[in-house]
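J.: For reference, the chains in residue letters:
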Amino acid sequence: MRFQKRRKAVFRVGLTAVFLLFGVVVINTQNLYAAGDPGKKIFDINCADCHGQRGDSKGFVCFSTKVEKSGRTITTYARDFTAGVFRFRTTPTGCLPAHQDLVDTITKGIAPSFMPSFQDLSATQKDELIAHVTTFSERWEEEDPCDPIPIVKPDWVGTPASVKRGEQVYKEMKCWECHGDTGKGDGKKSNELKDDWGHKIVPFDFTTGELKRGTSPEAIYITFTSGLDGTGMASFQDTLNEESRWDLVSYTLKLMGR
Amino acid sequence: MKKRRLLKTWLNSAVPLLSAFLVALPFMGIGTVQAADVEGQQVFTLHCIGCHGEKGDGKGVVAGDFIVKPRDFTLGKFKFTTTERNSLPTDEDLKKTISNGLPTSAMPNYRLLDDASKDAVIAYIKTLSPTWTTEQVQQKWQQTSVPDFVGEPASVGKGEKLFAARCLMCHGTKKAQPDVIFSLQWQGADACNDVIRPAVFSYGIIKRGQKVEDIRMSITAGVGGTPMLAWGELLSEQERWDLTSYILDDMGKLGGEK
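Residue numbers (the working numbering), protein chains in the order written: chain E, 1 to 258; chain L, 1 to 258.
Errors might be hidden in some of the hints.
[Said to hold, decoys possible] Facing chain L, according to a computed beta carbon distance under 7 angstroms, are these residues of chain E, among others:
1. Thr65
2. Val67
3. Ala111
4. Ser117
5. Phe236
The hints are simulated quantities; they were obtained by calculation from the structure and are not laboratory data.
From the three backbone atoms N, C-alpha and C, an ideal C-beta is built for every residue, glycine too.
So here's chain E without its partners, still in its complex pose (with noise of 0.2 angstroms):
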């Protein structure tokens, strides 16, 4: 009888100690992940009333929408960081986007689609924002960004000559099929287009000039090249060689005005 009774007690004693030890451990590692990830509060502060606090797009904005010069609305989610899918890369399809690439979006913002630049943060904050953008998604630990793209311009970009094999290039090509004969986005497909969240988007208008990457024909040529991921706008590094991605730079230059 009086063994039990010692053995109770040393049960419960055993226990208060294992739910203190649980406790301890609980609250060091909220301590830990406090300190190591100081881009959370930068995210908190500047990011996520848009893009949500975990990172699904789910924050107070919910989405916006915007009336073009030509009438047609388009509707802008901000992105969704759980999935890992990213369009402004300097990667091949399919790839993670490189570090410098997220650098250069927080820097530089998407006017087109809101996002302001945060050129502000300095470059060690802009390195713990992506560190915390990158916990978001498992993709980040299974996989490491591609080799980015080598970008070098021809000399002979928006040459003549160069837009006309362009607009060749855009004809078979079936870049009017969403973008339009004149690039105003307005194809016989771009009504039906979604991202792969389901969201309905509608395909570039060239004549509208702004490009949510910016207008330098680098810029262009990545796009044609590592493709938009999430959307239906496809890389073409296997389909055009990079001649004829120049060229379509040239002719996409010329649709814009410049």
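We have chain E already, so just place chain L on it with the hints.
T.: Here is chain L on its own, set in the frame of chain E:
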């Protein structure tokens, strides 16, 4: 005999229980309304109920006609604060909104309402959301006097450069306004049923107020629950005053043709 004993036991247990319940009632906040709340509720019923609704949930009888919906006080979320963005406002913040109204929106000013009534209605608003009992109110951003250089051409020029990368995409300029609406879902709200347009500076007024300092405070503290960030986190005091200069110019407050 048996019956009486049963009654006695019943009374013995029921009386203390019932009296304990009665004593506990005020602590449970049931059946008691503090004197101040009654007066606050009267002010609320008189002036606020039409838009903000009987329960203070922003669903007043006329609210359905507004594009930008009246604040839902049951969520405990506010736009115009001097506290950390998306946290509770100070009493002064609320008093300012009541006194000034929110120009360009349906919220009128209650300049003529006496101070005691304002205090009372603020106390009443605080009973509408449990957030007021769980969250501390802490002022983060201080009002400061306007430096002499604000409005000078050099400051306007610097502000314009800062504006281009951070503000232009949403606020546009006098010549070109983006036609954009943000759909919003306040934390705890059940759907994306609120919308907001970025401030149009050419109206010559912003919601936060009519003073130069109000422009700086809106830049600094941001606007809760909207894409307008607290730029005090990212920009120096000097930079925020330069932005204020540029916005004053855009509002047509600096005189001269532009």
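J.: Would you mind marking each hint as holding or not holding in the structure?
T.: Checked hints:
The interface hint given for Thr65 of chain E is met, as the beta carbon of that residue sits about 5 angstroms from the closest beta carbon of chain L, less than 7 angstroms. Contact between Val67 of chain E and chain L, as hinted, is supported at the beta carbon level, the nearest pair being about 4 angstroms apart and thus within 7 angstroms. With 7 angstroms as the threshold, the beta carbon of Ala111 of chain E comes within range of chain L, its nearest partner Cβ sitting at about 4 angstroms, so the hint holds. At its closest, the beta carbon of Ser117 of chain E sits 4 angstroms from a beta carbon of chain L; the interface hint therefore holds under the 7 angstroms criterion.
Restraint check, Phe236 of chain E versus chain L: the minimum CB separation of about 29 angstroms is more than 7 angstroms; hint violated.
This entry does not satisfy hint 5, going by the numbered hints stated previously; all others are met.
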